Amino acid sequence: MGVLYCLMSLGINFIYGIMKVINWAMGEYYMIGSYVLYLLVTFPLGVKYWYVAVLAAAIAVFFLGAFVQVLLIKPMFTGAIGERGEYGTIVTIATAIFIRNLAVVIGGPYIYTPPDYAGPTNIGPLPISGNTLVALMGALILLSLFYYLIKRTWVGRALQGVAQNRIGIQTSGVNILKFDMLAFGIGTALAAAAGALLAPVYLVYPTCGLVSSVRGFEIIVIAGLGSIWGVLVASLALGVVESLGAVFISPSFMDIYGFVLLVIVLSLKPYGLFGKEERIA
Amino acid sequence: MQTFKKYAVLSLLLLISLLLPHFITDYWIYVLTVAFYYAIMAAGWNLLGGYTGQFSLCHSTFALIGAYASALTIVKLGLPLWVGILSGTLLTLVLSLGLGIVCLRVRGIYLALITWAFAEVIRTFIRVAYEFTGGDRGLNSPYLFRSVKPLPYYYLFLGLTVLAIILIAVVMRSRIGFYLRAIRNDEVAARAMGVNTVRWKIFAFMLPSGLAGVTGAFYGHYIGLISPVLGEFNEMAMIIIFVVIGGMRTQAGPILGAISIRYLMEFLREWAEIRIVILSAIVILIMRFFNGGLMEFLRRAGGWVRKKDAVSAYASMGEK
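Top line first, the protein sequences correspond to chains A and B.
For the first sequence, our numbering assigns the number 281 to the last residue and increments by one with no breaks.
For the second sequence, our numbering assigns the number 1320 to the last residue and increments by one with no breaks.
If you are wondering where the hints come from, they were derived from the structure by calculation, not from laboratory data.
Predicted model, so just to flag it, every value in this text is computed and none were measured.
Any given hint could be a false lead.
Claimed, not checked - Simulated DEER-style distance windows between Cβ atoms:
no., chain 1, residue 1, chain 2, residue 2, range
1, A, S267, B, N1196, 18 to 24 angstroms
2, B, M1265, A, L244, 42 to 48 angstroms
3, B, M1265, A, N165, 43 to 49 angstroms
4, B, K1005, A, F67, 43 to 49 angstroms
5, B, F1004, A, F67, 49 to 55 angstroms
6, A, P44, B, A1189, 56 to 62 angstroms
C-beta atoms are modelled at their ideal positions from N, C-alpha and C, and glycine is treated no differently.
Same shape as in the complex, but just chain A (with noise of 0.2 angstroms):
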């Protein structure tokens, strides 16, 4: 499960690490995610081409992330807004009322439930659902290609130039407004492919992103804002917690063993297992 909770930490990080904005409705874009594959393969596709339906629910919402960056969070950097933080934290939760509330008046507040991708499947003596495997399988892809891009192409490494710090980059002749777009293009179109990806796992509803972005959300604070590679180590770490709390104590606060490791890493090192203490300017 650690795996699958990466992709959406890794979005809001990604999109933390370059315009120093948490995207609280990081949970929204999962949801739409999974509506669009619910749609996608209910109705002109069908169930064969699932992974045609992943894509296009991740390109979709790469797109409409990159509107909403444009009309609501690249004034900031324009010189529209005076109060960043207070902007945009509220703007973006305002977002994420507005989108949960327009799914129940368009979709009604009901559960649907996607056709399985593949029937439960044994590895060695282990039986796992199928639609798990082929999650788990899908997002080690969709993590390794964004690996790729991050680490071995132009794009990736202008990024990362952006991340490290806005000014310079910009006098590298790197237009950062245009980046800002892609990087919330990206950070949303990840939480959309989880969504996608764990659609029939965890159904399609308006609320349905909550859970895996209040796991997103606690991974992050236990790696530590901005760190990529912990996010895979708090991911995994809190699959473990969770699996360990479902065995040895009670599988019904399964929600609750991994709030419990962010306050003992937060008490032990205040900004997280990776983070570095910031630098305020």
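Chain B: place on chain A using the hints.
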């Protein structure tokens, strides 16, 4: 003269709200009472999110905790009502102190992240531990007064609102108020000037949280049936909506926003979710184009009226 006018207006408003319930039906008294609850919550959140610049996203959760702690103390332990309310308040104070110590040592954004997760965890906990808390079916909380009439509750919540307003006004006018504003404007500079930023941030987190706990406990005894819905994210978002539309960093704004929007929402009952969609769109627009909300609008309107008044035109220019 200016302060005299202000007090005159305030006492006139108080007089109106004292007399009002004798002229309207029970239903609207009920609506106003609920609006007072939200007004207290919004005013408290404004102190933390508006003046101090620290975002807590579990303000409604503290009301939930207060309500449940109070009801559980009374139902399970058989203690009298005031002990229940006291225990609800104390529990929220202790929890907010703990959360504050954990996440206010670092920059503000951690508070938002952790309180957000905390809110969901508490809500899930109450839903899952249904043998103890009643879960999604809710918990019957004993009523505060014997009569079913909403009138005594109206005066109770009016009193609480007035107390909350006075408390926040006193804090903001004291030395502490300036500490909090200094923290929002520039935390490093505030620390350099000798303000113990961590301590006052924790104070600014505990005060509204405790207030939310008391209000939540009373609210639970008022509606009589509490459920985890009280701590849903929509509730939290409504508080932020009230504050932003009313006007952040104004003392009357959140109260005005809460009461007027609750009133409006009652009229648009059959629109259900569309109301919230529209309200959140308004919040985005206010943040983007017109920072200040209703209070700023009123101030500008007032300034405009005064400007038409040829005699005081010069004075109003001077004020700006």
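- [ ] May I ask you to test the hint 56 to 62 angstroms on the CB atoms belonging to P44 of chain A and A1189 of chain B?
- [x] Holds, since P44 of chain A and A1189 of chain B (Cβ atoms, about 59 angstroms apart) stay within the stated range.
Task: Whether the CB-CB distance between K1005 of chain B and F67 of chain A falls inside 43 to 49 angstroms - done: Distance hint for K1005 of chain B, F67 of chain A holds at roughly 48 angstroms.
TODO: Indicate whether the distance between the beta carbons of F1004 of chain B and F67 of chain A respects the range 49 to 55 angstroms.
DONE: 52 angstroms, holds
Task: Distance restraint hint 42 to 48 angstroms, applied to the beta-carbon atoms of M1265 of chain B and L244 of chain A - done: 45 angstroms, holds
TODO: Look at the Cβ atoms of S267 of chain A and N1196 of chain B and judge whether their distance stays inside 18 to 24 angstroms.
DONE: 20 angstroms, holds
- [ ] Could you check the hint for me, namely that M1265 of chain B and N165 of chain A are 43 to 49 angstroms apart, CB to CB?
- [x] Since the Cβ atoms of M1265 of chain B and N165 of chain A sit about 46 angstroms apart, the hinted range of 43 to 49 angstroms holds.
Of the hints listed earlier, there is not a single one the structure fails to meet.
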